[in-house]
Amino acid sequence: MPIEFTLNGKPQRVNVAPNMPLLWFLRDTLGMTGTKFGCGMALCGACTVHINGEAVRSCVTPVSSVAGKQVVTIEGLSEDRSHPVQRAWIELDVPQCGYCQSGQIMSAAALLAKNPHPSDAEIDDAMRGNICRCGTYHRIRLAIQRAARLKYPQAKSAKARAGGAELLPTAQFAAQGGGK
Amino acid sequence: MNGCESQHINRRSFLKRGTLGATGLLIGFYLPELRQAHAADSVRSNSAASGGRVTLNAWIHVSADDTVTIFIDKSEMGQSVLTGLAMIAADELECDWQKVRTEFAPADKVYFNPQFGAQGTGASTATRTSWEPLRKAGAAARMMLLRAAAQKWGVEPSECRAEKGAILHAPTGRRTSYGSVSQAAGKIPVPQEIPLKDPRDFRIIGKPTRRLDTPDKVNGRAEFGIDVRRENMLYAVVARCPVFGGKVASFDASKAKAIPGVKHVAQISSGVAVVADNSWTAMEGRRALDVKWDEGPNAAATSETIRKLFAERASRPGHIARKDGDPEAQIEHAARKIEAVYEVPFLAHATMEPQNCTADVTAQRCDVWAPTQNQTNAQKTAADITGLDPSKVFVHTTFLGGGFGRRFESDYVADAVEVSKAAGKPVKVTWSREDDIQHDFYRTASYAKFTAGLDADGWPTVWMNRIACPSIMGRFGPLKDNFDARSVEICDAVPYAIPNILVDYQLAEAGIPVGFWRSVGASQNGFFLESFIDELAAEGNKDPYELRRHLLRNAPRHLRVLETAAEKAGWGTPPPAGRFRGLAVVSSYFGYVAHVIEISVDRSKRSLNVHRVVCALDSRSPSTAGACSRAIFMIIRCCASRTCPSWTCTSFPANWHQPGPANSRCRRSLRRCATRSSRRRADAFAACRSGQKTWPDLFSRLRQAMPLAPKTLRNGVR
Ligand code: FES
Ligand code: FES
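Protein chains in written order, with my numbering: chain A, 202 to 381; chain B, 2 to 719.
If you're looking for bench data, these hints aren't it; they were derived computationally from the structure.
Because the structure is a prediction, the values reported are computed rather than measured.
Ideal Cβ placement from N, Cα and C applies to all residues, glycine included.
Possibly wrong hints are sitting among the right ones.
Stated by the list, open to error - Quick partial rundown of chain B residues pointing at chain A, CB under 10 Å, derived from the structure:
| # | residue |
| --- | --- |
| 1 | Glu194 |
| 2 | Pro243 |
| 3 | Phe245 |
| 4 | Gln268 |
| 5 | Asn279 |
| 6 | Gly403 |
| 7 | Ser433 |
| 8 | Arg434 |
Stated by the list, open to error - Mimicking SDA-like on lysine to any residue, the simulated pairs with C-alpha atoms at most 20 Å apart in a straight line are:
| # | chain 1 | residue 1 | chain 2 | residue 2 |
| --- | --- | --- | --- | --- |
| 9 | B | Lys258 | A | Ile204 |
| 10 | B | Lys165 | B | Gln99 |
| 11 | B | Lys258 | A | Val217 |
| 12 | B | Lys543 | B | Trp572 |
| 13 | B | Lys256 | A | Asn220 |
| 14 | B | Lys264 | A | Asn216 |
| 15 | B | Lys264 | A | Ala218 |
Generate coordinates for the entire structure from the input sequences, incorporating the hints supplied.
Structural data, given as structure tokens:
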């Protein structure tokens, strides 16, 4: 029995073993390799996708369980790197090796969809399951704050509301080229 | 997007572009010592065969549409070498940075890293070894383009200049773009004399520059090894013996083969490979395999037996790495004798991208797509397995999801080549995370024994240090006198002015594969050395900073970073309540670094919280302050990002310690750096909160970096 769901806005029919993890269906069957394999045990976050808007680890999600649902991968986040999280990521040159970043970006985008102005603690909490072996955590936090501002330019960030710096100088600094 | 179009080329297409055909100009430069070795089968001789004296090749390609393609012959694994090397070449080339594209270079002798005699990336050599060749390649290309334009206009080259991708002739106001003279430039002989720019005139080097690979890393387009796809490709995983040195005794594949989608099961040198039409089915097939292992000579080895072996070896004198004065005699006269033992465990590299490789073996050729740090070895490994000449092995380097030395090895290449050969199809072999952690070439476990003597005033007079551990270099050939200098690096260069020093080494092979891991020997030896000097400070009743200062009187670069870090950290002022400060200074890979770290101790959880890191670095990088500062930025990011809300860095630009007018500029940049650092610290304070990141349980055992012995902890904090 084929399984049907929506992938990046388009209908998708699946004819694979129903217990095949969504990750491998995406990567090997469809050739959508933006979603990464890091552990296969929901321990690293590299394989994060959105299912009905929730950040989910696709490595432990059987393809059968997404029947009738909306699945969004890094490839479908935007056509042209225009999602606020992607823009912030570019502005701050977040990635190093880049391998974890699809997962980081998907987790960050899901967070901001729910919580437009997360505090640092909320960011840490939401991003806890995403490991970065290169250690880009500092810039990830800054980029999420930056993305929140890009997404809702009128509103004030949590930090600004708390009386902190409205414009993060570090973000400017990184946008000027990172460690210079 | 600018420069994000990194793609892989096989050597054939590379050569096609190299033949000065319609596509434009390929310019390169040979390292003189490689000229001969390279002549036989190089890009250049192939080009030569297509007519005329071609002295062009390897790094720079200028297309008719003004696009400049720079071949990156080092592996990009997060260190930003792709952007850094492109900047070096582009600056001398005087091209338009917006027109720069990059491609990973194929495996070829012309790209040999002179430090290794092979094409490879590691040991902090990428920028150092590319600096001059890339500048010369860029400058030579610029000169050829300029001469071509001058020829076209019938003017003297000296009247022309290159600027932002164009040649200008000031007297007549004429201007032509690089693309429009690239073909003519291809016919200009490579200049013999290649003057380089005055660093003062750098336009790109040392300037804040965005990474070229970021855009492709935010939408999933960057192709890592694990993402490679070939037509008709199959997917494989390998079951490996759980004991190092063991092998397959027998196996029953019937259950695995019964799984729909499993295509082949084949024994290869590393174990039993299951080949299927996707990776997951291959993993399911592996689970269904029934393999009997011959566990070999290490069947009974445990952490405890290894520890005993190390301790036993360390009880005997070893090969002397350094001897000053007469330590054995003087230790008897010391007012006080202090002994300590430090042990560190094996560490996996745990690259974020598990090991993998794709190979396509046919009778005529072998293609290898690999996230490798060692193209030459990948090529040789495939040639050995297939029996093909290395010139028939085409290595396509992808992005690397982390390297850390793990990808200097070629075991994953051998897997893919063997399986593709057996299956007769292109095959991608993917390692699971468990495979990756369990079958690494680990940072070696090591056992360091120290004995020191203090005089009546508490100053050290004798320093004796014995290291017992496995050898990395022993893997590559017999060791002379069972001595591996890498095992004692840093320890043998103890910078402290102590009159009697003895450092010796005892080889202790544990049967566990060891390899290059970030900073290699320094990773554990810096910890040993700096922990023990702290113990001496405590025993001699000295401030750990003052003791170091006193003993570093003959080591100005150590002293300078130490004093800077201490000053910025406010050493000598009381830390906030409940906080403690510790410091360390180490030199490794021509760099000098000091840290002051502020921590608190949670006794109930037996854990440390890092509150602040102050780092001072004196790098001998040939670049200016900006690049140094970027390097530190990365170091601190690695160390501090897990738990630390605050960090400060101060960089010492190139050769500040050498006299000369060029350095006043450096010193100015240094001051600017320092100012920016404090601002950044304030930002970091504002923006960051402690966000503890740990590998989950599965990995925590192996990634525990350097456990602090309770005694060291007590003495190391104040
Ligand atoms: S691969 Fe799914 S969490 Fe690691
Ligand atoms: S950028 Fe390398 S693992 Fe996160």
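Verification of the hints:
1. Glu194: Nearest chain A Cβ about 33 Å off; hint violated.
2. Pro243: Nearest chain A Cβ about 18 Å off; hint violated.
3. Phe245: Since chain A brings no Cβ nearer than about 22 Å to Phe245(B), farther than 10 Å, the hint is violated.
4. Gln268: Violated, because the Cβ-Cβ distance from Gln268(B) to chain A comes to roughly 24 Å (cut-off 10 Å).
5. Asn279: Holds, because the Cβ-Cβ distance from Asn279(B) to chain A comes to roughly 4 Å (cut-off 10 Å).
6. Gly403: It holds, given that the least Cβ distance between Gly403(B) and chain A is near 5 Å, below 10 Å.
7. Ser433: 6 Å, holds
8. Arg434: Status holds, d = 4 Å.
9. Lys258(B) - Ile204(A): 26 Å, violated
10. Lys165(B) - Gln99(B): 9 Å, holds
11. Lys258(B) - Val217(A): Given that 20 Å is the threshold and the Cα spacing comes to 18 Å, the pair holds.
12. Lys543(B) - Trp572(B): 14 Å, holds
13. Lys256(B) - Asn220(A): 18 Å, holds
14. Lys264(B) - Asn216(A): Cα-Cα ~19 Å, so holds.
15. Lys264(B) - Ala218(A): The given pair, whose Cα atoms are some 16 Å apart, holds under the 20 Å limit.
The structure fails to meet hints 1, 2, 3, 4 and 9 from the earlier list, while all remaining hints are met.
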